[in-house]
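Student: Chains as they are written, first to last, in the numbering used here: chain A, 2 to 114; chain B, 49 to 162.
Don't take every hint at face value.
[Said to hold, decoys possible] Derived pair list, reagent style BS3-like, types lysine-lysine, alpha-carbon separation capped at 27 Å: (1) A:Lys101 x A:Lys50; (2) B:Lys119 x A:Lys50; (3) A:Lys69 x A:Lys50; (4) B:Lys119 x A:Lys101; (5) A:Lys101 x A:Lys69; (6) B:Lys119 x B:Lys62; (7) B:Lys57 x B:Lys105; (8) A:Lys62 x A:Lys50; (9) A:Lys101 x B:Lys105; (10) A:Lys50 x B:Lys105; (11) B:Lys105 x B:Lys119; (12) A:Lys101 x A:Lys62; (13) B:Lys119 x B:Lys57; (14) A:Lys101 x B:Lys57.
It is worth saying that the hints were derived from the structure and are not from the lab.
What follows is each chain in one-letter form.
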Amino acid sequence: AQSVTQPDIHITVSEGASLELRCNYSYGATPYLFWYVQSPGQGLQLLLKYFSGDTLVQGIKGFEAEFKRSQSSFNLRKPSVHWSDAAEYFCAVGDFGNEKLTFGTGTRLTIIP
Amino acid sequence: NAGVTQTPKFQVLKTGQSMTLQCAQDMNHNSMYWYRQDPGMGLRLIYYSASEGTTDKGEVPNGYNVSRLNKREFSLRLESAAPSQTSVYFCASSTQPGQTYGYTFGSGTRLTVV
């Protein structure tokens, strides 16, 4: 069965600093990978997705993620965070023909001035 | 605005009461899902419907039932609520099997069972 691990429960970053959120997946074939963001009291919004092609994908709000098959990872990055990036971030994995996504447990991001 | 609409947004139930959470999407999506979100556990799939007329169990289906009323609507029913069902419930939809485009989520229903 596919699974997703987000090893960092909570990360604190200074405004303007760079950010990397980790995501590791377990899946036999080439997975479909997603990052979602959840602001307090809101639903989840899709940041970016990968399912083939270039392993570096660009998303909304200045985020990017890199698929590394050898490390089974799909880490999310941003060069310079803004206070509005404070939220919870979820990595998810799926595969073609399977209607269900499996989500990680999330990483809560706090931004300090 | 197009999207996924969930009602109600908040609900408090007494143990043993029943209720139905409603979800509707206006994007002509084929697949719909119900997840619950609990602290430290991420989102766990309760039930899903790959297409109109079909429903299947997810990871945590016990204590819940679903109905895919038509292509737009997918409801979740708690027949006899328990405190363990206190959670935030999210409905989501996607265009087609394969998840190529990812899900669109509703804004959630916060349910407390006392």
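Student: Each hint: holds or not?
Tutor: Status of each hint after checking the structure:
no. : hint                : result
1   : A:Lys101 x A:Lys50  : holds, 15 Å
2   : B:Lys119 x A:Lys50  : holds, 25 Å
3   : A:Lys69 x A:Lys50   : holds, 14 Å
4   : B:Lys119 x A:Lys101 : holds, 18 Å
5   : A:Lys101 x A:Lys69  : holds, 22 Å
6   : B:Lys119 x B:Lys62  : violated, 32 Å
7   : B:Lys57 x B:Lys105  : holds, 24 Å
8   : A:Lys62 x A:Lys50   : holds, 14 Å
9   : A:Lys101 x B:Lys105 : holds, 11 Å
10  : A:Lys50 x B:Lys105  : holds, 25 Å
11  : B:Lys105 x B:Lys119 : holds, 18 Å
12  : A:Lys101 x A:Lys62  : holds, 26 Å
13  : B:Lys119 x B:Lys57  : holds, 22 Å
14  : A:Lys101 x B:Lys57  : holds, 24 Å
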